[in-house]
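Student: Chain by chain, the residues:
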Amino acid sequence: MSITWYLCVSAIVFCTGVGGVLTRRNPLVVLLSLELMLNAANLALVAFARAHGNQEGQIFALIVMVVAACEVAVGLGLIVALYRRRLPIDVDELRELQG
Amino acid sequence: MAEVTFFFAAIVALAGAFGTVLLRNPFYSVLALVCHLLGLAALFLLLRAEFVAAAQVIVYAGAVMVLYVFVVAYVGGQDKPLSPRHGPGMRAIAILFSGALLVEFAFAVLGSSLSVLDGEGTGFFSAFGSPAQIGEQFLTKFLLVFEIASLLLLVAAVGAVILARRRSGLDDPRELSVADLLRSQESGTLTDAERGSLQEAAGPPGR
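One line per chain: the protein sequences are A and B, in this order. With the working numbering applied, the first sequence covers 1 to 99. With the working numbering applied, the second sequence covers 1 to 207.
Just chain A, with the same shape it has in the complex:
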């Protein structure tokens, strides 16, 4: 399989994630769509690593996974804090920073 196929899959997954971030209102689903975008970037990185016969792209992908795990931890912490304060779990209604 040529590398182009992998890049096409990566592009479609990334655009799906963009659509999810822009259209969904539940912050949990927005976070899941962010994961989709990060994973699409990972796929492209690993595909280029294979194309060049160089492992550094795979290391980059692993670091992206670390950053994604951090983002999930902080994002889910925020959602739990919102739920505890009885705020609506809806990104359209949460437009003020005032605590």
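Since the hints were made in silico from the structure, they are not lab data. Virtual Cβ for every residue (Gly too), placed ideally from N, Cα, C. Wrong hints could be hidden among the right ones.
[To be verified] Example chain B residues on the side facing chain A (calculated, C-beta under 7 Å, incomplete):
id, residue
1, 10
2, 33
3, 42
4, 48
5, 91
6, 95
7, 101
8, 117
9, 122
10, 142
11, 163
Model the placement of chain B on the given structure of chain A, informed by the hints.
Tutor: Positioned in the frame of chain A, the structure of chain B alone reads:
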């Protein structure tokens, strides 16, 4: 054989991605994302990234998704109808933008004249992408990156605990906190005011 595996894995990954975005119930979205991650791990294996595939399955599909499932179960999946305030106009614009991005990517990928994209990739040695190779790279060339990643994980874990802790304003008054117990033990004896309030709570003596 590789073609069949590729198309199967790609279809699983794409179906998972669409399911994540389109399904109404957040719990089903999480399950669709797990499906997507497994398909992606198969693609990583096809690209000779064994360690990345293993980390993807164990860390992502295992640990991170369990976190998601717990939070969805805690918060509860609200099935609200989509965007009554902004109406379908904003949604159409959003879909239009992501479609435009896809067209742009398609031009970039298919229209590029990079010869490396047409082949299966350059030659590789047999241990390419194995855990031993990745670990050696991490501990020699990318040592600083490795340490920064561990520090970042620590900071994120502490930050998540602080964000999700119980706020003082919402405490249940019947709940005893460990810090209060420690404080009263440190001070040793009760002050007069506290003793008085304890007696009041117990009712008048000698009854």
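Student: Against chain A, with CB atoms and a cut of 7 Å, does the hint on residue 163 of chain B hold up?
Tutor: holds, 4 Å
Student: Using the nearest Cβ pair, does residue 142 of chain B come within less than 7 Å of chain A?
Tutor: Since the shortest Cβ distance to chain A is 6 Å, the answer is holds.
Student: Could you check if residue 95 of chain B really has its C-beta closer than 7 Å to a C-beta on chain A?
Tutor: holds, 6 Å
Student: Holds or violated: residue 117 of chain B as interface residue toward chain A, Cβ cutoff 7 Å?
Tutor: holds, 5 Å
Student: Against chain A, with CB atoms and a cut of 7 Å, does the hint on residue 33 of chain B hold up?
Tutor: Given a least distance of 5 Å, the restraint on residue 33 of chain B holds.
Student: Let's test the interface hint: is any C-beta of chain A closer than 7 Å to that of residue 122 of chain B?
Tutor: This hint holds: residue 122 of chain B lies near chain A, its Cβ roughly 4 Å from the closest one there, short of 7 Å.
Student: Against chain A, is residue 48 of chain B within 7 Å by beta-carbon distance?
Tutor: The hint holds - residue 48 of chain B has a Cβ within 7 Å of chain A, the shortest such distance being about 6 Å.
Student: If you take the shortest Cβ to Cβ gap from residue 10 of chain B to chain A, is it below 7 Å?
Tutor: Since chain A brings a Cβ to about 5 Å from residue 10 of chain B, closer than 7 Å, the hint holds.
Student: Double-check residue 42 of chain B for me: the hint is only fine if its C-beta lies closer than 7 Å to a C-beta in chain A.
Tutor: violated, 11 Å
Student: Given residue 91 of chain B as an interface hint, is its Cβ closer than 7 Å to any Cβ of chain A?
Tutor: Hint holds; residue 91 of chain B Cβ to chain A Cβ min 5 Å, cut 7 Å.
Student: Grab the minimum C-beta distance from residue 101 of chain B to chain A and call the hint holds if it beats 7 Å, violated otherwise.
Tutor: With a minimum Cβ separation of about 5 Å from chain A (threshold 7 Å), the hint on residue 101 of chain B holds.
Checked against the numbered hints listed earlier, the structure breaks hint 3 alone; every other hint is satisfied.
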